Amino acid sequence: MDGAVPLFRMEGISKRYGGVRALEKAELSVTSGSIHAILGENGAGKSTLIKVMAGVVAPDEGRMELEGSEVTFASPAAANQAGIVCIFQELSLIPELSVADNIVISDPPKRFGLIDRQAQRRIAEAALARAGAADIHPLALVKDLPLSRRQMVEIAKALARKPRILILDEATSALAAADVAKIFGVLKRLRSEGLALLYISHRMNEIAELADQCTVFRNGRNVASYKAGSKSDNEVVELMIGREYSHIFPPKPARVPAIAAPVLEARSLSWTDRLDDVSLTVGAGEVVGLGGLDGQGQRELLLAFFGVLRGLSGQILIDGKPVAIASPAAARDDRIGMALIPEDRKTEGLMLPMTVRENLSFAALDRLSRGGIIDRSAEQRLIDDMVALLAIKTAGLDIPVGALSGGNQQKVVIAKWLMRQPRIILLNDPTRGIDVGTKQELYQLMRKLADQGAAILFYSTDYDELIGCCDRVLVLYDGAVKRELVGAEITERALIASALNIHGDDTPVKQGADA
Amino acid sequence: MKDWRYWLAEQRGTLLALGIFFVMFVIYTSNHPAGFTANVVQTASNKGVLLAFVAMAQTLVVITAGIDLSVGMIFTLTNCLASWLVIGTGIETAFGVVAVLGTGLLCGAINGAIVIYGRLQPIVATIATGAVFFGIALLLRPFPGGSVNEDLADALTGRLFGVVPASLVVLLVVVLVVWVPFSRSVLGRAAYAAGSSEMAAYMSGVPIRRGKFAAYALAGLLASIGGLFLTFFTYTGDAAYASGNTYTLFSIAAVVLGGVSLFGGKGSAIGAIFGALAFRTIGDLLFVFDFDPLWQPLFQGVILLIAVSLGAFALFRVRNRLEWFL
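Chains as they are written, first to last, in my numbering: chain A, -16 to 498; chain B, 3 to 328.
Calculated from the structure, these hints are not laboratory results.
All values reported here derive from a predicted model rather than from experimental measurement.
Treat the hints with care, since some could be wrong.
What the hints assert, rightly or not - Reference listing, derived: stretches of chain B covered by chain A, where coverage requires no fewer than 3 residues with Cβ under 8 Å from a Cβ of chain A:
| hint | segment |
| --- | --- |
| 1 | 4 to 15 |
| 2 | 173 to 187 |
| 3 | 204 to 210 |
| 4 | 249 to 257 |
To be verified - To give a feel for the contact side, a few chain B residues facing chain A, derived at Cβ under 8 Å:
| hint | residue |
| --- | --- |
| 5 | V43 |
| 6 | R161 |
| 7 | S199 |
| 8 | G267 |
| 9 | K268 |
| 10 | R321 |
| 11 | N322 |
Stated by the list, open to error - Computed list of chain B residues with no C-beta within reach of chain A, every gap over 12 Å:
| hint | residue |
| --- | --- |
| 12 | T31 |
| 13 | S32 |
| 14 | A40 |
| 15 | Q44 |
| 16 | M201 |
| 17 | F235 |
| 18 | V290 |
| 19 | P299 |
| 20 | I305 |
Just so it is clear, CB atoms sit at the ideal spot from N, CA and C, and this is done for glycine as well.
Please model the complete structure; the sequences and the hints are all you need to start from.
This is how it looks when you write it as structure tokens:
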């Protein structure tokens, strides 16, 4: 908003994590009495930006001004003190404490040095009412509330801190429609009270309804700021496109002819509110990508196949026959032959203090042992094969796997599963946080495995990879498959548009997988 | 829901422990040869408060999602120290009491500093400090002995108005002076918050470190009150390794019986007190039934197993199996 004096300004803010730059000379100015929407695809720097604003992350360089004077925040508490309050996507509530305890947690009312419970209750009731959630009892424990109610408590908690700038990071993604409408009313009222609101969302209709001003981020930079409503959805997608291509991908085979019988098939999978009627097929020799914004159910879908989720409805078919997969142990069994390369290799993929050798053979021990005794020479042969196949760089097999670089750790995770010669390989964002060279090796490997007949389901937050590696991509939104892109349809524009659930071009929309 | 229902839900663990204790105690006294007399109650409470103080100490640390394996050794160390210092004229005795309590506080503060600022795991840190505390206790009392101001000891282990056990009154005073202010202070809430979700607490700007430190330090203080009482009860100091370890392990049992979650963030010291009293009563129950004392550990263990199994039912409701491991 030109003319108005900005309440808060960021200039030249940069932040790097290791070799990855999350923000590069980013700028932003926020005005009182307005709602400012931030847009951008995965990894565009939105999250880092607000973490810097909220004092969670210290920027490498750049300056921030509040009402014209320079400020720095050493901690979230310091940012709160200055009136900047952030509602994070990952909830910041303490589950075992009551709603009222949580609302006043940062600065409880005190009397004679102790917490004044009556005053605390009054503050909590007032804040809940202001957030339009007066139906939540202040004495209820947070852990007993459903997710959507917790989000309302989170908003009440933020309001109780009397913010001047309120940041909402995907604050509505967990809410029911009725709550969203309430929250919008609340946000509009706060705007008229003179607050500055920063609104991060991937729901274009919400932004259209709420925002006064929009800023688009790409590659850690703000690329455009415009008045809300002055650009069409298509133009917005255009602004978000333009990731720098830095990877080289192996050539894809000519389109695989229609697959006779899919190896892996899902029919109407649903699970709590995270998966909604997902159907898909993956054939032998095919790399099928899962796209969409982060957290739209992709992870849960892979866990569902791998037998981790309970209370799953729908059907999973292997080679056309329905199966019940009750645990990861059942999923990796030879009859199914499934492997999952998890998202967080440090907790779900590796036992960091154990040796490279032990980690490599963990998943295949049953194949390498007879009568419970491990056949050392067979183990050694297989390990040697894998180390050679994946070119794992390690000082030795008997050093802790935690001492390897991120890329080599990921290779160990993959090798450990390849030792079982799986027919179905699920990959959960496997290239996150590893170097470009290793990424390329993984792309080659993935294609090679597919050529050998494996069925691969590949989730990536990097659209570039989906375009470069996949034969087909299913885009998820709110736990449902919103669109299927095949072959040449897989473009950055189509991926972003369907991830935002808007239809940027005129390709027909398909629900679910091919019939 | 009405307010009282929320209160009830919050106090469920405590009330359950109270219930178990009440039932056990009724069975105990009604089968006791002497019956429900002031004398029986006095003896039971003197034995019970020792574990109650140590269990209160354990509660504070467990609330922060930690564990203190040195409480029994602080208890032993302060017992030995008291057998040297809590003696003589009124002033000397008072000085001795302050010195003993100060030592307990210091021991707890050392634990806290190592765990919070040294970033060591509580279990390892307190095994090590516990060994150190016991080592000092052994130097203080290589052999059982020493003495205590018997007037004070008799007053605090005797009866008020001929009926009320004085030790119970002291326990009540300690609850009012230490536990109630702690649980209602910002530091206390920080301790709960850190135990429940340290990351969320950090993101909310809660003083996590000070809260946890206060919990460890006060745990040392409470254990030393227990040590002081042991001295009043036995008139001597004894650096007994087995006894110290037993108190540590029993304090964990009492805490669990009292509805305090070992995962942190939940429970109260009041619950742990009833847990301690119930656990003691269960142990003594066999004597009034004329069972062979050999059965005592087995019986106590079975009761404990049943009690802690109740807490595992929540796992059946988990829908994402990965949450089992969180």
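So, against the hints stated earlier in the document, which numbers end up violated here? 4, 5, 6, 16
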